[in-house]
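A.B. asks: Chain by chain, the residues run as shown.
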Amino acid sequence: MAVMQAIDANRAKPGALLPILHAVQDVVGYVPPESLPLIAHELNLTRAEVYGVVTFYHHFRSAPPGRQVVQICRAEACQALGARALEAHAKRTLGINFHETTSDGAITLEPVYCLGNCGCGPSVLVGDDELHARVTPAAFDELVKTARAAT
Amino acid sequence: MNAVKVFVPRDATALALGAENVARAIVDAARARSVDIDIVRNGSRGMFWLEPLIEVATPNGCIAYGPVKAADVAGLFDADFLHGGAHALRLGAVEDIAWFKQQERLCFARVGVTDPLGVADYIAHGGYRGLRNALAMSGANIVKAVTDSGLRGRGGAAFPTGIKWNTVLGAEGTQKYVVCNADEGDSGTFSDRMLMEGDPLCLIEGMTIAGVAVGATHGYIYLRSEYPHAHRALNAAIANAYAAGWLGADVGGSGKRFDLEVRLGAGAYICGEETSLLDSLEGKRGQVRFKPPLPAIKGLFGKPTIINNVISFASVPIILDRGAGFYRDYGVGRSRGTLPIQLAGNLKRTGLVEKAFGVTLRELLYDYGGGSYSGRPIRAVQVGGPLGAYLPESQFDTVLDYEAFAAAGAMLGHGGIVAFDDTVDMLEQARYAMEFCAVESCGKCTPCRIGSTRGVEVIDRIRANVDREKNFALLDDLCHTMRNGSLCALGGLTPDPVVSALKYFAEDFS
Numbered sequence: 001m002a003v004m005q006a007i008d009a010n011r012a013k014p015g016a017l018l019p020i021l022h023a024v025q026d027v028v029g030y031v032p033p034e035s036l037p038l039i040a041h042e043l044n045l046t047r048a049e050v051y052g053v054v055t056f057y058h059h060f061r062s063a064p065p066g067r068q069v070v071q072i073c074r075a076e077a078c079q080a081l082g083a084r085a086l087e088a089h090a091k092r093t094l095g096i097n098f099h100e101t102t103s104d105g106a107i108t109l110e111p112v113y114c115l116g117n118c119g120c121g122p123s124v125l126v127g128d129d130e131l132h133a134r135v136t137p138a139a140f141d142e143l144v145k146t147a148r149a150a151t
Numbered sequence: 001m002n003a004v005k006v007f008v009p010r011d012a013t014a015l016a017l018g019a020e021n022v023a024r025a026i027v028d029a030a031r032a033r034s035v036d037i038d039i040v041r042n043g044s045r046g047m048f049w050l051e052p053l054i055e056v057a058t059p060n061g062c063i064a065y066g067p068v069k070a071a072d073v074a075g076l077f078d079a080d081f082l083h084g085g086a087h088a089l090r091l092g093a094v095e096d097i098a099w100f101k102q103q104e105r106l107c108f109a110r111v112g113v114t115d116p117l118g119v120a121d122y123i124a125h126g127g128y129r130g131l132r133n134a135l136a137m138s139g140a141n142i143v144k145a146v147t148d149s150g151l152r153g154r155g156g157a158a159f160p161t162g163i164k165w166n167t168v169l170g171a172e173g174t175q176k177y178v179v180c181n182a183d184e185g186d187s188g189t190f191s192d193r194m195l196m197e198g199d200p201l202c203l204i205e206g207m208t209i210a211g212v213a214v215g216a217t218h219g220y221i222y223l224r225s226e227y228p229h230a231h232r233a234l235n236a237a238i239a240n241a242y243a244a245g246w247l248g249a250d251v252g253g254s255g256k257r258f259d260l261e262v263r264l265g266a267g268a269y270i271c272g273e274e275t276s277l278l279d280s281l282e283g284k285r286g287q288v289r290f291k292p293p294l295p296a297i298k299g300l301f302g303k304p305t306i307i308n309n310v311i312s313f314a315s316v317p318i319i320l321d322r323g324a325g326f327y328r329d330y331g332v333g334r335s336r337g338t339l340p341i342q343l344a345g346n347l348k349r350t351g352l353v354e355k356a357f358g359v360t361l362r363e364l365l366y367d368y369g370g371g372s373y374s375g376r377p378i379r380a381v382q383v384g385g386p387l388g389a390y391l392p393e394s395q396f397d398t399v400l401d402y403e404a405f406a407a408a409g410a411m412l413g414h415g416g417i418v419a420f421d422d423t424v425d426m427l428e429q430a431r432y433a434m435e436f437c438a439v440e441s442c443g444k445c446t447p448c449r450i451g452s453t454r455g456v457e458v459i460d461r462i463r464a465n466v467d468r469e470k471n472f473a474l475l476d477d478l479c480h481t482m483r484n485g486s487l488c489a490l491g492g493l494t495p496d497p498v499v500s501a502l503k504y505f506a507e508d509f510s
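Each protein sequence line maps, in turn, to chains L and G.
According to this note's numbering, the first sequence holds residues 1 to 151 in order.
According to this note's numbering, the second sequence holds residues 1 to 510 in order.
For reference, chain L alone in the conformation it holds in the complex:
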């Protein structure tokens, strides 16, 4: 249902596949693999083409994430201010690796390659648009605590 709505809202656009995938993920939280045949059929594409696009882009996920997605910037400007240590701290304290979700389903940890906050790293993005600057390991623990409480 949500998938069909996403298709109908965007199908008239030239190059509609990415807008459709964004719309699906915005509503469902991920791009369900079982939705690919429908998207392919409606856009007159092969399933392989749609699968190829979904899996090419880091942003699209094929399984539901945790209740909150936390992205840590791994790029150079943040490295210069301690992002490597922050990454190690996050993995250790959450007990997960990148692309994984904590056992309580609360937090999914993702790497991101630049959030455009390069003057005030290390940078962390919580959810869709909650950007944090100068994130120390202690500040990260606070963010995670708040994120857990919010879900």
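Hints are computed from structural coordinates only; laboratory data are not their basis.
Ideal placement from N, C-alpha and C gives every residue a C-beta, glycine not left out.
There's no promise every hint is true.
[Said to hold, decoys possible] What follows is a set of in silico ranges between Cβ atoms, one per label pair, in the way DEER data are often shown:
hint : chain 1 : residue 1 : chain 2 : residue 2 : range
1    : L       : Asp128    : G       : Arg328    : 39 to 45 angstroms
2    : L       : Pro33     : G       : Glu507    : 48 to 54 angstroms
3    : L       : Pro37     : G       : Ala140    : 27 to 33 angstroms
4    : L       : Thr93     : G       : Asp422    : 25 to 31 angstroms
5    : L       : Asp26     : G       : Asp422    : 42 to 48 angstroms
6    : G       : Val439    : L       : Glu42     : 29 to 35 angstroms
7    : G       : His83     : L       : Gly29     : 32 to 38 angstroms
8    : L       : Ala63     : G       : Ala406    : 43 to 49 angstroms
9    : L       : Thr93     : G       : Pro292    : 19 to 25 angstroms
10   : G       : Asp422    : L       : Glu142    : 43 to 49 angstroms
11   : L       : Glu142    : G       : Lys503    : 39 to 45 angstroms
12   : G       : Lys348    : L       : Gly95     : 31 to 37 angstroms
Given chain L, put chain G in place with the hints provided.
C.D. replies: Chain G only, in chain L's frame:
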């Protein structure tokens, strides 16, 4: 009494430092004290160590305070900051702060000064003068002005913008496109983001001028999905431009059509490469195309397409407003005009410095940057993003100029400068360059797709002291293959940070 204007930035970095809470605290305090204020959510002035930096419009000009925390707000009201009252955080007029005063802000003239979304405010600060002039000119004369200004692609490749536009102007076709590359993925760069959040109408005007010049009626801004705040600002500004008649069927009453929309990327660094970007816009995997044909001849959906970076487009309105000569008079050598430089990483005073070409790296790192944030010596600097060379202290007198950087074996790119202190491990940085390439390779050509993975492995063996000489030779050979055999700059330039780390910081590999 008229409401006092208070400017609180909505720039992503200002928000990350707490600007939203500050704005809320100001609104709450004003209500509690029954004071009439008018909050303007402006862009950032680019002085991040002072963010959140708020400004108050007084009869004697704008007075700044910063860095302001929500907890400071009550005290600011007590100090009568609404009339520029004395306070420990009072900075005076931004224009009098040396860091700001010494800049040459052409492209960023309005960022942080105006309401980013307000068309009337934009026009009151010189906006749409360039487009108005352009509407009275022939396409060829618009292109000539851009060519004569000496503007070169600010995305990093530095190709002359006017030559690109001229190719599209001369291309046959009833449908042409204008595409903005807003996939600002290079670490250490954020000028596109700041411009799109702080003065999106400037980008919209620049793209509209491009459309008018070459007869393109439709434009796309391809924005990276990592920029949600810029996304909102662009969509709101585009809607306002439509409502005011500056986009749509009758641009500025000229009878000419130009439509514009934002498309989101999906977290692929390679889509900053223009042909990958075009494939992505078409709804495909973002894979690099073979060139020729050039996008100017066969671009989006196979049609002639102008594709430029955000700052390239945003530099056009002032060129059409003040004339090519005005713009060309800034700069050195073949690098004309100004460059919005981004100071990032381990520096005390990070932010945006717009200067004419010709300033040295050392001036930027120490006079503007104030040295390292950590207080330790600056050991390495990477300019131009993850594909840029690492430079040591001995290279800090290099002048910001495309040719001077090329001569130093480096790349000015999009003008991002990332400083590292002496705790940096350059072997790790070289390894990361290869790792990043492996993560972000589009997979079309073998040197990039496989070479980057082999590069990580070879550097790991060097670190583990396995057959060192053999592996150094192998790494050298691999870099040579990637540099000469890759289809685009990702595989072709990944060796630059690796080779420069080896050349200048050999002790980290021993």
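A.B. asks: Work down the list of hints and note, for each, if the structure agrees.
C.D. replies: Verification of the supplied hints:
1. L/Asp128 <-> G/Arg328: 39 to 45 angstroms: Between L/Asp128 and G/Arg328, where Cβ atoms are some 43 angstroms apart, the hint holds.
2. L/Pro33 <-> G/Glu507: 48 to 54 angstroms: holds, 50 angstroms
3. L/Pro37 <-> G/Ala140: 27 to 33 angstroms: The hint (27 to 33 angstroms, Cβ to Cβ) is violated, given that L/Pro37 and G/Ala140 are roughly 51 angstroms apart.
4. L/Thr93 <-> G/Asp422: 25 to 31 angstroms: Given range 25 to 31 angstroms: holds, Cβ gap about 28 angstroms.
5. L/Asp26 <-> G/Asp422: 42 to 48 angstroms: Between L/Asp26 and G/Asp422, where Cβ atoms are some 44 angstroms apart, the hint holds.
6. G/Val439 <-> L/Glu42: 29 to 35 angstroms: holds, 32 angstroms
7. G/His83 <-> L/Gly29: 32 to 38 angstroms: violated, 49 angstroms
8. L/Ala63 <-> G/Ala406: 43 to 49 angstroms: Distance hint for L/Ala63, G/Ala406 holds at roughly 45 angstroms.
9. L/Thr93 <-> G/Pro292: 19 to 25 angstroms: violated, 52 angstroms
10. G/Asp422 <-> L/Glu142: 43 to 49 angstroms: About 30 angstroms separates the Cβ atoms of G/Asp422 and L/Glu142, which means 43 to 49 angstroms is violated.
11. L/Glu142 <-> G/Lys503: 39 to 45 angstroms: holds, 42 angstroms
12. G/Lys348 <-> L/Gly95: 31 to 37 angstroms: 36 angstroms Cβ-Cβ, so the 31 to 37 angstroms window holds.
Checked against the numbered hints given earlier, this structure breaks hints 3, 7, 9 and 10; the rest are met.
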